[in-house]
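Novice: Knowing the structure of chain R, use the given hints to seat chain H on it.
Quick mapping for you: the protein sequence lines, in order, are chains R and H. Read in order, the letters of the first sequence correspond to residues 1 to 202 in my numbering. Read in order, the letters of the second sequence correspond to residues 203 to 325 in my numbering.
It is worth saying that the hints were derived from the structure and are not from the lab. Ideal Cβ positions, reconstructed from N, Cα and C, are used throughout, including at glycine. There's no promise every hint is true.
[Said to hold, decoys possible] Computed spacing ranges between beta-carbons, pair by pair:
(1) H:Arg290 x R:Ala124: 35 to 43 Å
(2) R:Gly97 x H:Gly261: 41 to 49 Å
(3) R:Ala181 x H:Ser309: 20 to 28 Å
(4) H:Phe281 x R:Ser193: 38 to 46 Å
(5) H:Glu280 x R:Gln101: 35 to 43 Å
(6) H:Asp289 x R:Glu85: 42 to 50 Å
(7) H:Arg235 x R:Val177: 18 to 26 Å
(8) R:Gly198 x H:Arg287: 26 to 34 Å
(9) R:Pro195 x H:Phe281: 31 to 39 Å
(10) R:Val93 x H:Ala322: 38 to 46 Å
(11) H:Ala322 x R:Ser193: 29 to 37 Å
[Unchecked claim] Computed list of chain R residues with no C-beta within reach of chain H, every gap over 12 Å:
(12) Gly82
(13) Arg108
(14) Asp123
(15) Leu135
[Said to hold, decoys possible] To be clear about the criterion: a stretch of chain H counts as covered by chain R if any three or more of its residues have a C-beta under 8 Å from a C-beta of chain R, and this derived list gives those stretches:
(16) 245 to 251
(17) 303 to 309
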Amino acid sequence: MTDQTISKPDATGRRSFIRTAAAGGLSLAAVSLLSGEPVAAQRGRYGRGAPADAQGDADLLNAALGLEHEGIAAYTIAAGSGLLEPAVVEVGVLFRGHHRQHRDELARVIRTLGGTPVEPKTDAEYVEALGLGALRNQTDVLNLALRLERGATSAYLGIMPSLQDGDHDHLAARIAVDEAAHFAALAGALGQSMPETGFIFG
Amino acid sequence: MTTLRAVMLLALPLVCGSLGEAEGRAQPADGARLYSQRCGGCHSLDANRVGPRHRGLIGRRAGSVPDFRYSAALARAEFAWSRVRLDRWLRDPRAMVPGTTMGVRLSDPTERRAIIDYLASED
Chain R
1 MTDQTISKPD
11 ATGRRSFIRT
21 AAAGGLSLAA
31 VSLLSGEPVA
41 AQRGRYGRGA
51 PADAQGDADL
61 LNAALGLEHE
71 GIAAYTIAAG
81 SGLLEPAVVE
91 VGVLFRGHHR
101 QHRDELARVI
111 RTLGGTPVEP
121 KTDAEYVEAL
131 GLGALRNQTD
141 VLNLALRLER
151 GATSAYLGIM
161 PSLQDGDHDH
171 LAARIAVDEA
181 AHFAALAGAL
191 GQSMPETGFI
201 FG
Chain H
203 MTTLRAVMLL
213 ALPLVCGSLG
223 EAEGRAQPAD
233 GARLYSQRCG
243 GCHSLDANRV
253 GPRHRGLIGR
263 RAGSVPDFRY
273 SAALARAEFA
283 WSRVRLDRWL
293 RDPRAMVPGT
303 TMGVRLSDPT
313 ERRAIIDYLA
323 SED
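Chain R on its own, in the form it takes in the complex (with noise of 0.2 Å):
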């Protein structure tokens, strides 16, 4: 993680320090020491043991946008299908509000980290990704919807292990939540009973 992630106003000069000590050859336990600084601070909120990356972490960011810009296609177009009943294309829409609550935020920090947020892909695209042709009436859709938001909560499970800032695990927490939310509201109005055991996203 470069200082843009890490650094808070008040700290500038010491961080200035930590860099130059760094540059020099000090290990990080010696910097830590030197700075009052616990080592785990300077390796992303968790310490996980490898030196905090601003650019991996938009790059992972990066393809959580994806995800999000993919699921916004899939909802609008889904609602301008005809397929769906009127309650239902409301419901649709609500999430696809979350969804691109989730985009703006996850555009903002990759911006912060230096990054350029990858822009979403035809409507075309998603259509033939996605079989959204295919789909023949409201329960096509909604278990398609299933399946993505499923996949979505699964998929930013998934990365929190390999982010190295834990304010950017805790985005990806909220979101991975507000994806698991569709899938409940989705898998209850399919008539899906719950799972009898536990971790049910992965």
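Specialist: Just chain H, lined up with the frame of chain R:
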């Protein structure tokens, strides 16, 4: 919003109050389900999505699906996917190929094996 509330309220008892479908921890034969659950957020067998398509993965050179835009790290990779490499990859992709944008880790070896078996069967 009244209709919306009604739909949500109808959904909740179904989600929260019923028990039935058993979905325990990984079994070797659960590859298709696990693939859908763990990988299906970003991948499909036959379409490039957030990640590249997977059919024919075993034996394929890494970073070689022609119409998918890979990270520079994976595009530079000079190996072909084998079961052993896939297991390493799924355990911690960024440790295996630093700089890859694939960050999902699967810590359960039984799940990894089931997914790899499934991918091998879909060649």
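Novice: None of the hints should be skipped; say for each whether it holds.
Specialist: Each hint tested on the structure:
Here the CB-CB span from Arg290 of chain H to Ala124 of chain R is close to 36 Å, well matched to the stated 35 to 43 Å. Range check, Gly97 of chain R to Gly261 of chain H: about 44 Å between beta-carbon atoms, so the 41 to 49 Å window is met. Look at Ala181 of chain R against Ser309 of chain H: about 24 Å separates their beta carbons, and that is inside 20 to 28 Å. Restraint check, Phe281 of chain H to Ser193 of chain R: a C-beta distance of roughly 43 Å satisfies the suggested window 38 to 46 Å.
Evaluation of the 35 to 43 Å hint for Glu280 of chain H and Gln101 of chain R yields a pass: the beta carbon distance comes to about 41 Å. A C-beta distance of roughly 45 Å is found between Asp289 of chain H and Glu85 of chain R, which places it inside the suggested range of 42 to 50 Å. Distance hint for Arg235 of chain H and Val177 of chain R: a CB-CB separation of about 22 Å, consistent with the stated range 18 to 26 Å. Separated by about 31 Å at the C-beta atoms, Gly198 of chain R and Arg287 of chain H satisfy the suggested range of 26 to 34 Å.
In this structure the hint that Pro195 of chain R and Phe281 of chain H lie 31 to 39 Å apart at CB holds, the actual value being about 37 Å. The given range of 38 to 46 Å is respected by Val93 of chain R and Ala322 of chain H, whose C-beta atoms sit roughly 41 Å from each other. Range check, Ala322 of chain H to Ser193 of chain R: Cβ separation about 32 Å, and the 29 to 37 Å hint holds. Non-interface status of Gly82 of chain R relative to chain H is upheld: no Cβ of that chain comes within 12 Å, the nearest being about 18 Å off.
With a least beta-carbon separation of about 19 Å from chain H, Arg108 of chain R lies farther than 12 Å from that chain, consistent with its non-interface assignment. The claim that Asp123 of chain R lies off the interface holds: its Cβ sits roughly 14 Å from the closest Cβ of chain H, which is beyond the 12 Å cut-off. For Leu135 of chain R, the non-interface assignment is confirmed: its Cβ lies about 15 Å from the closest Cβ of chain H, beyond the 12 Å cut-off. Counting residues of the region 245 to 251 of chain H whose beta carbon lies closer than 8 Å to any beta carbon of chain R gives 4, which reaches the threshold of three, so the coverage claim holds.
Residues of the region 303 to 309 of chain H with a Cβ under 8 Å from some Cβ of chain R number 7, which satisfies the need for three, so the listed coverage holds.
In summary, this structure violates none of the numbered hints.
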